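J.: Each chain is listed here by its residues.
Protein chains: 2
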Amino acid sequence: MTHYKGYLIDLDGTIYRGTEKIEEAGAFIEGLVKRKIPYLFVTNNSSRTPEQVAEKLREFGIEAKDDQVFTTSMATANFIAERKSDSTAYVVGEEGIIAALQAKGIHITDEKPDFVVMGIDRGINYEKLTKACLAVRNGAFFISTNGDIALPTERGFLPGNGSITSVVTVSTGVQPVFIGKPESIIVEQALKVLGISKDETIMVGDNYDTDILAGINAGMDTLLVHTGVTTKEHLTKYKVKPTHVLDSLDQWEF
Amino acid sequence: MTHYKGYLIDLDGTIYRGTEKIEEAGAFIEGLVKRKIPYLFVTNNSSRTPEQVAEKLREFGIEAKDDQVFTTSMATANFIAERKSDSTAYVVGEEGIIAALQAKGIHITDEKPDFVVMGIDRGINYEKLTKACLAVRNGAFFISTNGDIALPTERGFLPGNGSITSVVTVSTGVQPVFIGKPESIIVEQALKVLGISKDETIMVGDNYDTDILAGINAGMDTLLVHTGVTTKEHLTKYKVKPTHVLDSLDQWEF
Numbered sequence: 080m081t082h083y084k085g086y087l088i089d090l091d092g093t094i095y096r097g098t099e100k101i102e103e104a105g106a107f108i109e110g111l112v113k114r115k116i117p118y119l120f121v122t123n124n125s126s127r128t129p130e131q132v133a134e135k136l137r138e139f140g141i142e143a144k145d146d147q148v149f150t151t152s153m154a155t156a157n158f159i160a161e162r163k164s165d166s167t168a169y170v171v172g173e174e175g176i177i178a179a180l181q182a183k184g185i186h187i188t189d190e191k192p193d194f195v196v197m198g199i200d201r202g203i204n205y206e207k208l209t210k211a212c213l214a215v216r217n218g219a220f221f222i223s224t225n226g227d228i229a230l231p232t233e234r235g236f237l238p239g240n241g242s243i244t245s246v247v248t249v250s251t252g253v254q255p256v257f258i259g260k261p262e263s264i265i266v267e268q269a270l271k272v273l274g275i276s277k278d279e280t281i282m283v284g285d286n287y288d289t290d291i292l293a294g295i296n297a298g299m300d301t302l303l304v305h306t307g308v309t310t311k312e313h314l315t316k317y318k319v320k321p322t323h324v325l326d327s328l329d330q331w332e333f
Numbered sequence: 080m081t082h083y084k085g086y087l088i089d090l091d092g093t094i095y096r097g098t099e100k101i102e103e104a105g106a107f108i109e110g111l112v113k114r115k116i117p118y119l120f121v122t123n124n125s126s127r128t129p130e131q132v133a134e135k136l137r138e139f140g141i142e143a144k145d146d147q148v149f150t151t152s153m154a155t156a157n158f159i160a161e162r163k164s165d166s167t168a169y170v171v172g173e174e175g176i177i178a179a180l181q182a183k184g185i186h187i188t189d190e191k192p193d194f195v196v197m198g199i200d201r202g203i204n205y206e207k208l209t210k211a212c213l214a215v216r217n218g219a220f221f222i223s224t225n226g227d228i229a230l231p232t233e234r235g236f237l238p239g240n241g242s243i244t245s246v247v248t249v250s251t252g253v254q255p256v257f258i259g260k261p262e263s264i265i266v267e268q269a270l271k272v273l274g275i276s277k278d279e280t281i282m283v284g285d286n287y288d289t290d291i292l293a294g295i296n297a298g299m300d301t302l303l304v305h306t307g308v309t310t311k312e313h314l315t316k317y318k319v320k321p322t323h324v325l326d327s328l329d330q331w332e333f
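In order, the protein sequence lines correspond to chains D and C.
Mapping of the first sequence onto this note's numbering: residues 80 to 333, in sequence order.
Mapping of the second sequence onto this note's numbering: residues 80 to 333, in sequence order.
Think of the hints as simulated: they come from the structure by calculation, not from any bench.
Treat the hints with care, since some could be wrong.
Claimed, not checked - Here are the computed distance ranges between Cβ atoms for each label pair:
| no. | chain 1 | residue 1 | chain 2 | residue 2 | range |
| --- | --- | --- | --- | --- | --- |
| 1 | C | Lys163 | D | Pro117 | 53 to 63 angstroms |
| 2 | C | Gly274 | D | Glu174 | 57 to 67 angstroms |
| 3 | D | Asp288 | C | Val253 | 41 to 51 angstroms |
| 4 | C | Asp329 | D | Glu174 | 26 to 36 angstroms |
| 5 | D | Arg201 | C | Gly218 | 19 to 29 angstroms |
| 6 | D | Glu174 | C | Gly235 | 23 to 33 angstroms |
Just so you know, these numbers come straight off a predicted model, no measurement behind them.
From the three backbone atoms N, C-alpha and C, an ideal C-beta is built for every residue, glycine too.
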């Protein structure tokens with residue numbers, strides 16, 4: 080088994096399930112810490128700041144510095160900053176995406192923005208959708224933090240950012256650039272932050288359609304763990320298999 | 080030219096443009112009144128009641144009784160009533176759709192509804208979208224009053240009901256039954272109300288993709304008038320032509 084020098088690691092379904100820690104994942108992270116192997120948690124969640132996410136991990140007793148969390152909002156901000164300096168964006172989204180864009184000096188406005196950015200927004204309303212549609216029709220570059228169609232909650236599956244993004248896609252006929260997993264954009268951005276080459280880094284997650292596919296799309300090795308979305312039975316349907324598959328992360332040999 | 084015994088007539092772009100009457104259309108309606116030819120105004124607008132629509136027409140000096148207006152909300156209510164008696168529906172929408180369903184005795188609730196109905200709702204929010212998604216996932220029959228992707232306004236093109244409907248479609252993977260034009264459902268329902276046979280009735284409108292296609296889909300003769308959306312140049316792109324085409328409705332020979 081290859082000895083990877085860097086790890087990109089999913090969160091929900093991999094490290095915890097909602098409010099419950101996955102104990103075997105805790106042992107896995109301790110293994111990384113003990114061996115001083117760099118790792119970065121990579122999440123499609125655009126609503127929270129890295130500080131909030133790291134705090135939640137630390138409450139589970141998992142070692143996570145604030146700068147060891149990389150959200151799709153940060154990937155979006157980096158994508159925009161690389162594309163255009165001193166840019167403006169109209170944002171539909173919550174605290175995490177607004178903070179990430181502002182941290183990169185992107186000015187948030189609804190006046191002729193260069194970009195329209197859509198992330199999950201539980202305060203969505205018709206006026207926000209209207210402003211996004213008008214700006215996209217006016218030529219703004221259209222970005223969506225992630226295409227997740229549903230959010231698993233105790234009430235059931237709630238509308239995800241990908242479904243709300245579709246309002247603007249359907250109304251304007253313009254397809255957004257999606258940043259989050261399974262797109263390679265978030266992975267490429269995360270690798271830059273981690274500072275380890277693609278060949279020596281592995282993508283770890285529980286969801287074939289997002290985590291594993293993101294790694295495959297980026298041309299990386301992948302590790303699927305059956306503690307979340309993708310079961311063994313699901314996996315039989317996919318032609319391109321993950322590089323490694325485990326029932327739980329404590330079985331991993333570094 | 081055939082002498083039609085009944086007319087189904089579109090409103091916006093055909094009889095008026097927003098708040099402005101199309102004068103030639105006024106003469107056309109007077110021609111129908113003079114000849115005692117039955118007509119029904121057929122609109123994809125789900126937000127207003129037939130009384131509100133008829134009142135607007137009368138303010139333009141156009142003869143329109145309340146029961147000469149047939150909205151996609153009324154077509155939706157009739158469709159549900161034919162499908163199931165004593166039914167319940169969760170509604171995302173404005174006054175027109177709620178009034179139409181209640182008039183047919185459909186009980187509006189978010190508790191295990193038989194149907195989920197989506198019409199344009201400028202008060203849309205995440206909780207409404209959530210309830211619609213959960214009900215559709217729970218097996219409710221999914222209906223959308225119309226698939227219009229954009230609403231033309233003085234601000235530009237705002238999100239139409241078809242684009243907001245897509246949140247639920249994308250999130251649940253369930254396609255709705257659309258009722259409004261270009262679907263034949265609204266036309267079939269309108270013909271029942273008008274009481275004239277399909278062979279003797281003509282569909283009149285300015286928009287090929289909604290009005291004319293609805294007539295074609297229902298197997299009716301059609302009249303396209305170039306006072307709204309579809310220009311002469313647009314029309315060259317379509318293989319199946321309208322039965323009749325006019326620059327303005329005062330040119331019509333009854």
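J.: Against each hint, give a clear statement of whether it holds in the structure.
T.: Hints, one by one, checked against the model:
{"no.": "1", "hint": "C:Lys163 to D:Pro117: 53 to 63 angstroms", "in the structure": "holds, 60 angstroms"}
{"no.": "2", "hint": "C:Gly274 to D:Glu174: 57 to 67 angstroms", "in the structure": "holds, 58 angstroms"}
{"no.": "3", "hint": "D:Asp288 to C:Val253: 41 to 51 angstroms", "in the structure": "violated, 19 angstroms"}
{"no.": "4", "hint": "C:Asp329 to D:Glu174: 26 to 36 angstroms", "in the structure": "violated, 58 angstroms"}
{"no.": "5", "hint": "D:Arg201 to C:Gly218: 19 to 29 angstroms", "in the structure": "holds, 25 angstroms"}
{"no.": "6", "hint": "D:Glu174 to C:Gly235: 23 to 33 angstroms", "in the structure": "holds, 29 angstroms"}
Violated hints, listed in ascending order, are 3 and 4; each of the other numbered hints is respected by the structure.
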